[in-house]
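Okay, here's what each chain looks like letter by letter:
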Amino acid sequence: MNNKLYRRLAVTNLKKNASMMLPYLITCVTVISLYYIASNLSADAGLKTVPGGNAIVDFMKFGIRLFAALSVLFLLYANSYIMKRRKKELGLYHILGLEKKHIRKVLSIESAICSFASIACGLIIGIGCHPFVTAGLTKIIGTELPFSGARSGPAAANTIITFCVIFLLIFFFNMRQIRTASAVELLKGGRLGEKEPKANWLLAGLGAGLLLCGYTLSFFVHDPEKDTDIMIGAVVCVMIATYLLFMAVSIVVLKLLRRNENFYYKSKNFTLISGMLYRMKQNAVGLSNICIFSTATLLVMTTTVSLYFGINNMVANQYHHDVSITAEAVEEDKLSELLAFIEKNKKQYSLQTANILQYTGGSFTEDLDEDGESDYFFLMPLESYNKLTSQNIGLAKDEVLVYSGSTNVHSDTLSFAQKKVRVKEYLKQFPVDNDFSGIYGMKWLYMVSQKDGLLADQFGPYGASGLHVEFDLTGEERDKSDFSYAISKKAERSSVEVNSRFEFRDSLMVLYGGLLFLGMLISMILLAKTALSIFYKQISEGFDDKERFNILEKVGMSSKEIRSTIRRQILIVFFSPLLLALIHLCVALPMVSKLLKTTFMDNWVIILNSSAVSAAIFVMIYGAVFLLTERVYRKIVTPSKQ
Amino acid sequence: MPILEVKNLKKIYQTRFGGNQVEALSNISFTVRQGEYVAIMGESGSGKTTLLNMMASLDRPTEGTVLLNGKSYADIREDELSSFRRGHLGFVFQDFNLLDNFNIKDNILLPLVLSDCSRKEMKEKLLPLVRKLGIEKLLEKYPYEVSGGQKQRTAVARALLTSPSLILADEPTGALDSRSSEELLKLFDEINREGQTIMMVTHSVQAAGCANRVLFIKDGKILCEVSKRFPDEDIKPQLFNVLSVISAGGKNNE
Ligand SMILES: Nc1ncnc2c1ncn2[C@@H]1O[C@H](COP(=O)(O)OP(=O)(O)OP(=O)(O)O)[C@@H](O)[C@H]1O
Ligand SMILES: [Mg+2]
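Protein chains in written order, with our numbering: chain A, 1 to 642; chain B, 1 to 254.
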């Protein structure tokens, strides 16, 4: 045979299998274009100049690795379905006298064509979409991005190389399948009489137990940073339980239903239950995979959306005033200079200052209770406290006032660097409220002491005598932001530290905007691949089910009944993994919210809304895939009428 | 009154691409009386399966009518057709058409379940039937665990379960070895003696010899028919005769 003949054979094969190949190729193209976009962003020099842009670059670098790994996994999976269907056709060639090495040659031409076409299309779409993507990213981040250029050679090269390797991997996988298969096997295409699955009560019980265990564990996560073991344990339990649920519990349930004769011997349950039972054995792993990936997609969507829309919440939780300025005692001149600048220029921005809070003090870490655990506290001189509260309280040399924001109880004498001080009073409230620690829920202790008292040596020039000024701005948001930046700029060269809500919010926007963007890319890829695998699973079943429904029609099942059986069967197959994924998501929400709290995001409403919106979008797209699949499946299965 | 009347039946297949038309049946008429056992013989491609499909209401004729118990198939609405088929017809196919995912018992019960019969009725009908067919020990087995002959007996049980007016069989012995074929033919003979009307398409003279009446089809037309004059008459020599004439005629026509 000459090469031309091979090529012709390959092309006709592709045409004949077009409906089977197309979803696969579309997914390949989608993945390749997303991969190109992500790798282009990660290589973008302009992005690095934006404050926080490095984080986006890191996200994208992580993203492209993830995409590559997921691509290998899913494309192999989808490809194995295609190969299973095609085994029969290839077996026929074999019988007709084509040797395996000829078949290999035809297949290699086919996959060369497919790979080239999908990489080319993917790159073209990726390059075409790039301007829109950067525009979208700019909008999400809220900062103008100085992108260096739309096209990038290294990113394209990276994409081409990566996917060539992936396609080569898939090709070798196919070759191995052909080499190991005998002619008869090829002809039968893996359709040998299958035994009915056995109900394994032990595994089913284990599955239910593990699920319960995983769910319970997730509620025991209090501090995600300390309880990582519990968290990982919960995730692993739930993952194993998912597999067991689909593999063992489903079969046990179906068998129980079948044993209930009054239920089973009804026309609407009869074919459905036996069909599901028969299917479950081959499908359990596929359905579990789909469930786990759906859960992952939902979690990625929920967290990234919550983080992005929770930015205001995080800012409010960490900044009690619009602007806070800190300076060492020795920098008093610089501070006054800055305050004068603020006073002078606020009119220019048509702003007013409000809630001005000026105090001195410094933060310390000491084991106050002598219980081996450090306590974080802020020490403030008495005169500053008196001034803040407009009181005139007096304290003995060894006396302190203490305010504890948390519920932790402390004793009446506290030890402080080998000195013992008496607590004169535990204050009910304190004028200053700050979370300097950067750990959510970690409240500071506030301690007030006389400057020349027992703790006098703590009030040195770099101790508890730091100067703090906090205030809010009233006026237009835009002006407030501009003014904050102006203040920061003014203080840039001195050691006076200026923090403002606006700068903080902008840095968070870049960080979580980038994360949201990555989350969207990941969700898209996961969704595309979940849809792809469920589509192929169902379609390949369609070819097997065709005969069954043919027989059923002859025996007297109306086309209406056949349609409804098909619909319910696909509904169950489609939506059982989704349902379980949604349950996983609901149960995981408390854990997710605790994770989010490490970033000071503690708004339940936002988390709930984010997960609801994510779930809604997911269900919608999933539903669309369902409708498409059902149509194609029905076309395959229902006997065509003249 | 005849149980089945076929009047001027015509079927034209439109081939999928282009206007090529195949006339599979042209102007076929005959009647079947209650309790008859009719065989249809003919060469491959002569239209036997097409005719059976018309009588089974699985396919609609281009022209002509089929009446079962005086009721025309054309008057039955599409959505009632399957329940009509379930209630009045029983099928036995060459390749058994059993469902892999049902055990033998459920395969047999299928038509009754589709009609939503009560469990009591199912049990009452099932047991005597499977005993008669000698498959009562196989009820819990699956089709891939039993022999071809047992599969065909399962299919017969499924066809008989609804006490249909007519049993339609398309080459029921086609996939069976000679002993299983003989057993099946004996079974058909037996149920026919009990009054069951049977219509069977077959290539085998052995099988057709069991019927009371044999119709010969060629090119979509009924060529001739052979009937037994008394119940146990051996009509096989006659059948051989007709067949040789048909094949010789086919050559002469060329
Ligand atoms: N669906 C169809 N579309 C087009 N032509 C058809 C179709 N079904 C059958 N035919 C044609 O109608 C004619 C009769 O076919 P039929 O299947 O009835 O033959 P048969 O007598 O059952 O043959 P065999 O003994 O081989 O089963 C044949 O020429 C066949 O090609
Ligand atoms: Mg036929």
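FYI, nobody ran anything at the bench for these hints, they're computed from the structure.
Think of the CB as a built atom: it goes at the ideal place given N, C-alpha and C, for glycine as much as any other residue.
Among the hints, a few may not be true.
[Stated by the list, open to error] Derived contacts from chain B toward chain A, CB cut-off under 10 Å, selection only: (1) ALA74; (2) ASP75; (3) GLU78; (4) LEU81; (5) SER83; (6) ARG85; (7) GLN94; (8) ASN97; (9) PHE102; (10) VAL113; (11) SER115; (12) GLU124; (13) LEU127.
[Unchecked claim] Stretch-level coverage of chain A by chain B, calculated; a stretch enters the list once three of its residues show a Cβ under 8 Å from a Cβ in chain B: (14) 348–360; (15) 567–578.
[To be verified] Distance windows between CB atoms, simulated: (16) B:GLU145 - A:ARG634: 45 to 51 Å; (17) A:SER559 - B:TYR144: 52 to 58 Å; (18) A:LYS100 - B:ASN69: 43 to 49 Å; (19) B:GLU80 - A:LYS100: 52 to 58 Å; (20) A:ALA117 - B:TYR144: 53 to 59 Å; (21) A:LEU257 - B:GLN21: 45 to 51 Å; (22) B:ILE12 - A:ASN3: 43 to 49 Å; (23) B:ILE12 - A:GLU196: 24 to 30 Å; (24) B:GLU23 - A:ASN3: 43 to 49 Å; (25) A:ARG8 - B:ASN20: 22 to 28 Å; (26) A:ASN3 - B:SER178: 51 to 57 Å; (27) B:GLN21 - A:SER108: 39 to 45 Å; (28) A:HIS102 - B:ASN241: 47 to 53 Å.
Structure versus earlier hints - violations, ascending order: 1, 2, 7, 12, 13, 14, 15, 16, 17, 18, 20 and 23
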